[in-house]
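Note that the protein sequences, when read in sequence, are chains A and B.
Take 1 as the starting number for the first sequence in my numbering and just add one per residue.
Take 1 as the starting number for the second sequence in my numbering and just add one per residue.
Incorrect hints may appear among the rest.
[Unchecked claim] Below, a sample of chain B positions facing chain A; criterion: calculated Cβ distance under 10 Å:
1) Met70
2) Ile74
3) Glu220
4) Ala321
5) Glu355
6) Gly832
7) Gln836
8) Leu1034
[Unchecked claim] Where chain A lies over chain B, by a calculated footprint (3+ residues, C-beta under 8 Å):
9) 75-81
10) 101-108
11) 155-164
12) 356-366
13) 626-639
14) 976-990
15) 1006-1018
If you are wondering where the hints come from, they were derived from the structure by calculation, not from laboratory data.
Using N, Cα and C, we set each Cβ at its ideal position, and we do this for glycine too.
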Amino acid sequence: MQLPAKMIHSLFLVNSSGDIFLEKHWKSVVSRSVCDYFFEAQERASEPENVPPVIPTPHHYLISVLRHRIYFVAVIQSEVPPLFVIEFLHRVVDTFQDYFGVCTEAAIKDNVVVVYELLEEMLDNGFPLATESNILKELIKPPTILRTVVNTITGSTNVGEQLPTGQLSVVPWRRTGVKYTNNEAYFDVVEEIDAIIDKSGSTITAEIQGVIDACVKLTGMPDLTLSFMNPRLLDDVSFHPCVRFKRWEAERILSFIPPDGNFRLLSYHVSCQNLVAIPVYVKHNITFREGSSQGRFELTLGPKQTMGKGLEAVLISSQLPRGVLNTNLNPSQGTYNFDPVTKLLSWDVGKINPQKLPSLKGSMSLQAGASKPDENPTINIQFKIQQSALSGLKVNRLDMYGEKYKPFKGIKYMTKAGKFQVRT
Amino acid sequence: SVFLLILSNVSSNYLLFSHDLVGSNCAAVLGLCGLLNSSTCSDLFLLSTRNDDLKEMLESNKDSLKLDAMKRIIALIAKGKNASELFPAVVKNVASKNIELKKLVYVYLVRYAEEQQDLALLSISTFQRALKDPNQLIRASALRVLSSIRVPIIVPIMMLAIKEAASDMSPYVRKTSAHAIQKLYSLDPDQKEHLIEVIDKLLKDKSTLVAGSVVMAFEEVCPDRIDLIHKNYRKLCNLLVDVEEWGQVVIITMLTRYARTQFTSPWKEDGLFDENSETAFYESDEKKTKNGDEKKSYMMDPDHRLLLRNTKPLLQSRNTAVVVSVAQLYWHLAPKHEVGVITKSLVRLLRSHREVQYVVLQNIATMSIQRKGMFEPYMKSFYVRSTDATHIKSLKLEILTSLANEANISTILREFQTYVKSQDKQFAAGTIQAIGRCATNISEVTDTCLQGLVLLLSNRDETVVAESVVVIKKLLQTQPTQHSDIIKHMAKLFDNIAVPMARASILWLMGEYCERVPQIAPDVLRKMAKSFTSEEDIVKLQTVNLAAKLYLTNSKQTKLLTQYILNLGKYDQNYDIRDRTRFIRQLIVPNEKSGALGKYARRILLAPKPAPVLESTYKDRDRYQLGTLSHTINTKASGYLELSDWPAVAPDQSVRNVEVIEPTGKSKLSKSSDDKFYSDSGEEKEKGSGSSSSDDSSSSSSSSSEESSSEAESDEEKSSSQSSEESDKSSSLSEKSSSESDSEQKKTTKKPPQKKTVKPTTKDSACPLVCGPGERLHGFVSKQVPVSLSLYSLCILTPCPLSCAAALLQVSGPAFVPEKRHDLLHRMTGKGLSAQYQFPRQPCLYQPTMVSVQISLTNTTDHPLEQIHIGDRGPTGLDMHCFNTVECLLPEASVTVSLGVDFNDSTQAANFQLCTKEDQFSVSIQPAVGELFLPATMTEQDFRKEQGKLLGMNESSATITMAAENTTRQPISRQVATVANLGVVPSGQDNIHRFAGKTASSGAVVLVTVELRESSAALITINTEKSVMGPMLLRDLKRALARA
């Protein structure tokens, strides 16, 4: 008699056309026909995103995540916190991305052995074992072109020659014996602004979320502290496990022994009381007239509160109503594209020059005889502002202890649009 | 070759056939097959032929060839192809020296051992050998593979290996054995009893590596054996922060279940408190104590508190599963007023991936039904974006609806208006239902909603209209009297509505309220009679209903119509409709056969019907533990463990006590902490060495100017030491004392340094970086349990290198109190009020984390100043204990008041407003770093031990040239003590001077060493985990010692 075992039983990777291109079982083999339930749900869903993440089947539960247009479908046999599985699957995707640069079907197929080796190390009997990328890299070396060539010639392997020590150390996220000739630590403060702007241009909701991504290449066991000029801006934070929580609570200082390489040190949310400066405004005039087969479309963008920095990489996208057959628009700069099948309008604006505001004007042709759409389309905006964090968060200083050398330190700020929508 | 070319064009079946025929040309065909795509060549054929060369490769001498073969085999397995027939060839390589090859063989073995049991046994001896390997990682990996091979014959071998590994030196191997327990259990459940023994053993393990895995095994094998947890409960709570994230989730889930069986409910009392909160707030203490006798007040079990306290920091985890597991723990275990702490973290998770959002929103939906207040401030986070996935949209709608109340309903309805227009019609329909729910829940907006919904009836989209009709129907049912207009309006729209459900709803409404629309209803029926045959079933049924009701109320006009419809229904294709027609006819049309029922037709058909209740689908979800799979799918998943109800009476608490196992070599350690906690007060009295410094500060605060002069009056010491308890309670004394008799002040004594010991009075005072041993001990003290095992485990096993044993420190009196006063408010700027402050260097009695500050206020004007008090404290957020208002300060008089400020171990200034009746002055207190410490006593040996723990980044040092006069013990001690409030540590060497203290706020150890070298050089070393304070202190010391 086999008892229903907990945790992750099997994993299937499904591409957007519904083919299983990889399967891995940590316990006894589950037939891939279990995925039929998943395919059913996939067919029912109008968009790929609409497949429910948790699907119960008669004997199993399927928990899936969708990333890079690949579904990672985990098969579960009994009660387990669904987020446990979801979080793990995302960690798997992150690891693949870290190893192969991209996480596509082709990359996974090309590196199927490394993928298998990774999955084997990440789960033991369905329970997560090593999920830290630092540890994994000690166990299994990421493929590089050079190594692939060398491996084919010499027959050497991707598997680490030395046995890893990290898992056994008191600092499980950092491997020992790290050496660099150039010691450097870079921190990127990236803030995203989420906003919903209503028809009249007033802000319905706006909030700022930020992350500090680090790339630390330091020899030995450095111990870093990072302090802010205005830590009180941070309302809610979550840390990489390396950050000492008590220290943050007491002094609002980030004190940590960093992992080696790239990692996310901190994510934060800026307190809601602070009014969020909206860096861009949109003037729009989108009209459909009853009975007419033509609609007007006018859009002008301009910078609002950008603290003197320029708006870059501006990209507008909008899902036009189904009735729109085609558009005839004229951008003052950049290029625009309208897909008549998906009805998706996108306009790559580029930089905004405050002297000459970009605009997109013209007409839309509608299905003859169809009634006018009830809703005007929502406009999604993406942009970047370099060298500034919108909330005004500033790093005060970064100090290193525990090692003698002087590292090179760098901090970069950037603001991006997150989910920035303008309702028209 | 021409032959082969032709072959390549024929179908694969034919190819197979020719393969058999050609025979000798086999190799050439194989080559050809390699060139062909698998689609043209059958997989079976490809595989069987390829396997031969794979076999060959595996049997070769070259590792690279073998590796190549294994890689191809793994690729086959990954595609789900069967590669089992290679088993014999693969298994031979299990003992290979090449690590990658070996690993791939392991992968293969685990996959196919079940199918090839006999052959799999060949590999066992290799693993058995590896289990004895000196390298822990090899032992672990051998156990991992051995336990993954699902071959029943080796169960005894596995059992033995697990038992051995469970007592392995290496925690990593022990972790692997915990994993192996689950595997063996699922292979052979009969081993349960033996496995429980191993689990019991591993639960006692103090390593953070093992904790998560063994709890996982516990959950799988014997989740009902709660008794195994008792003794390990506190240890698990304390280790939790340092366990890896996945283990944290498992432990938290298990501890939630545990706590629900072991502690009493913290909620009942809450409810009572809420009811009485107003009276409790306004009424005097007296009354409360009276009530106290009647109500047995709820005291939370310290262990219950321990769990809540130790899980809270994990809300900041980057792992969403950990955050939600803590959230559910708080939801199920915390007193209601504390649950609020989880809100922010849950809202934060909404920024995460779509799938995470989905699960988190489901949990919020369940929570928000019971506790609107929790999420209402974050309402805007639930606004729907056009890019959200459908299931996310509907969950957000659900939550917004639950959050709606009188105050925010207008905002929500405005938002809903946008949603109704959405291109996603399914979502628009959902919004209409949500509006309906808001309308029933909040009576103020029912009419507005109804009007809005009526407007939607002219919407162009069918789904929207249909949904509106359905919702309007439900709303009208709740208050039909006022709305005949709407019914008429709907009748008008009826011709244009095609959605069956909507048509049926309108017909039902007409029938139900036909007496309110006597003109229209028969006309609608007439139209229906015309179109009856082409209607959907559901519409036909309602038409029959309408006909019957009209027949009963208005038979004159509708008799013929009704009969016509009944006749149509009689021959309908659908048997439901035929049945219904037959039934109705018997019921309403009087004839000789109709029995007694006919009399009641009116009462049956036109009975008043209760209005439907529009409620959330998440209403009953809380029957499942939040965060579980069962909660997500709203059905009991297999293996779901029910969360029990709180017990009415708490089971014996002492089961969680851990006997002291005095570890050899550590006895001294536990003894010293024993002393500290249990012989404290007694010790003071015995020694008679003076009052505790806490009561001292209260009285001395009022007599700063006399401080030094009152040194001699030690005869009062005893009385004051006895009154230490009193003064603790009456902290307000200090303010009053200034106006009270001098004799009170005279009690003040300047204490001889280093003699007095005061223990940190509350848990917060000793709180090192990782987790507070002080906190833990506090819990134990209150329960009079011998010193815990957890202290011991902490000392030897804390995984973070920066923890400290601050709990072992004993705070002493100050070595020296500097006279220096600082200006707080100059009399010119203060309009005659002048204020100065100084640091009396006494532990603050308001709160041990605070630094006490004395302020002397002087009135330099010629009129009395009234109501001197502290006003607004500015945004810095430093915790302060203010002095009581000084009602009146006469001209030329001065008064000293004391203040407690928690500087959070930083030299940030405390800004506040000093107010008089007329004026407000912004002032600030800027502490020197040295004032943020409390002196500590320790032996030289302890000092060295502490120092050993605080090396590396925790150490800052500098070499200086000492001033000539600073070369002997006395001046050095004096200089250091002037700069910083540290205690002198007795030193065996003449050239080394040591000082120790701890920071006031967090209780981190601060150690200073001054080592004299030749030619008046000296090395100053400071060891503290407070890496900001260290260098600052060093700078100050350098200045003091070099300069003076």
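Comparing the hints with the structure gives:
With its C-beta approaching chain A no nearer than about 8 Å, B/Met70 sits inside the 10 Å limit, and its interface hint holds. For B/Ile74, the suggested interface contact is upheld, since its CB lies about 5 Å from the closest CB of chain A, less than 10 Å. Given hint, B/Glu220 at the interface with chain A, holds; its Cβ is 5 Å from that chain's nearest Cβ, closer than 10 Å. Restraint check, B/Ala321 versus chain A: the minimum CB separation of about 4 Å is within 10 Å; hint holds.
Annotation: interface hint on B/Glu355 holds; nearest CB of chain A at approximately 4 Å, less than 10 Å. At its closest, the beta carbon of B/Gly832 sits 35 Å from a beta carbon of chain A; the interface hint therefore is violated under the 10 Å criterion. Hint on B/Gln836 is violated. Least Cβ distance to chain A is approximately 28 Å, over the 10 Å limit. The restraint placing B/Leu1034 at the interface with chain A is violated, with a minimum CB-CB distance near 13 Å, outside the 10 Å limit.
Given as covered by chain A, the segment 75-81 of chain B passes the check, having 5 residues with a CB less than 8 Å from a CB of that chain where 3 are the minimum. For the segment 101-108 of chain B, the proposed coverage by chain A is satisfied: 5 residues have a C-beta within less than 8 Å of a C-beta in that chain, meeting the threshold of three. Under the rule that three or more residues need a Cβ within less than 8 Å of chain A, the assignment of the segment 155-164 of chain B is violated, with 0 such residues. With a cut-off of 8 Å between beta carbons, the segment 356-366 of chain B has 4 residues touching chain A; three or more are needed, and the interface restraint holds.
Look at the segment 626-639 of chain B against chain A: 10 of its residues bring a Cβ nearer than 8 Å to a Cβ of that chain, three or more, so the hint holds. Judged by the Cβ-Cβ criterion of 8 Å, the segment 976-990 of chain B is not covered by chain A as claimed, because only 0 of its residues qualify and three are needed. Figure legend: the segment 1006-1018 of chain B, annotated as covered by chain A; annotation inconsistent (0 residues with Cβ-Cβ distances under 8 Å, at least 3 required).
Violated hints for the displayed structure, listed by number in ascending order: 6, 7, 8, 11, 14 and 15.
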